[in-house]
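Residue numbering for the sequence shown follows our numbering, beginning at 364 and increasing consecutively.
In short, the hints are calculated from the structure, not lab data.
As the structure is a prediction and not an experimental result, all values here were calculated from the model.
Using N, Cα and C, we set each Cβ at its ideal position, and we do this for glycine too.
All clues given are correct.
Simulated restraints on C-beta separations: (1) H499 to V472: 22 to 30 Å; (2) F401 to L535: 41 to 49 Å; (3) T424 to L535: 41 to 49 Å; (4) G469 to L433: 22 to 30 Å; (5) D431 to R395: 19 to 27 Å; (6) T424 to K392: 33 to 41 Å; (7) S530 to I491: 14 to 22 Å; (8) D397 to H496: 20 to 28 Å; (9) I476 to T367: 23 to 31 Å; (10) V472 to S517: 32 to 40 Å.
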Amino acid sequence: MKPTIEMLAGYNAWANGRVYDAAEALPDKDYRADLGAFFGSVHGTLNHLLTGDYIWMHRFTGEGPNPDRLDAIQHEAFGDLRAARNAADKRIVDYVAGLGEDDISGDLVYRTISNPAEVRQQLGGLLINFFNHQTHHRGQVHALLTRLTGDAPSLDMILFHREAGISEVRPL
Numbered sequence: 364m365k366p367t368i369e370m371l372a373g374y375n376a377w378a379n380g381r382v383y384d385a386a387e388a389l390p391d392k393d394y395r396a397d398l399g400a401f402f403g404s405v406h407g408t409l410n411h412l413l414t415g416d417y418i419w420m421h422r423f424t425g426e427g428p429n430p431d432r433l434d435a436i437q438h439e440a441f442g443d444l445r446a447a448r449n450a451a452d453k454r455i456v457d458y459v460a461g462l463g464e465d466d467i468s469g470d471l472v473y474r475t476i477s478n479p480a481e482v483r484q485q486l487g488g489l490l491i492n493f494f495n496h497q498t499h500h501r502g503q504v505h506a507l508l509t510r511l512t513g514d515a516p517s518l519d520m521i522l523f524h525r526e527a528g529i530s531e532v533r534p535l
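Could you put the whole structure together from the sequences, leaning on the hints where they help?
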């Protein structure tokens, strides 16, 4: 399972970079406009993604920021948010690289935020959820970008595979 988790960590960083490139091109009023997404705006949704990553990485490692609200705004300025996103993505990739198969198949006990409870679950399943959460909300940002600009970058994992050299492309 480790190669899959490592691929998902790489994809996550790659896709975040593409979304942030597109978001950076937005006028500030569009970037912050409440367009009815679960976290309102592109700004709110990108902040939620970082907040979620902080929460999960604290659960995984016991270190780093540990927000107590899912709608917490980590950074108001786009440049600060992007720098934090890049640092978080590097931390995620490094964390996953340091895991062994025994770690991934082992259990993690953590506490939930919204409906307080203690949960025990296999780390591998939690990591899949972690990356799926990113994909889910990145998809919302992608839809907002499409609505605002008529265009948004491809986030297809197969494109990441080709660009990262995971698959071999041979012209016919």
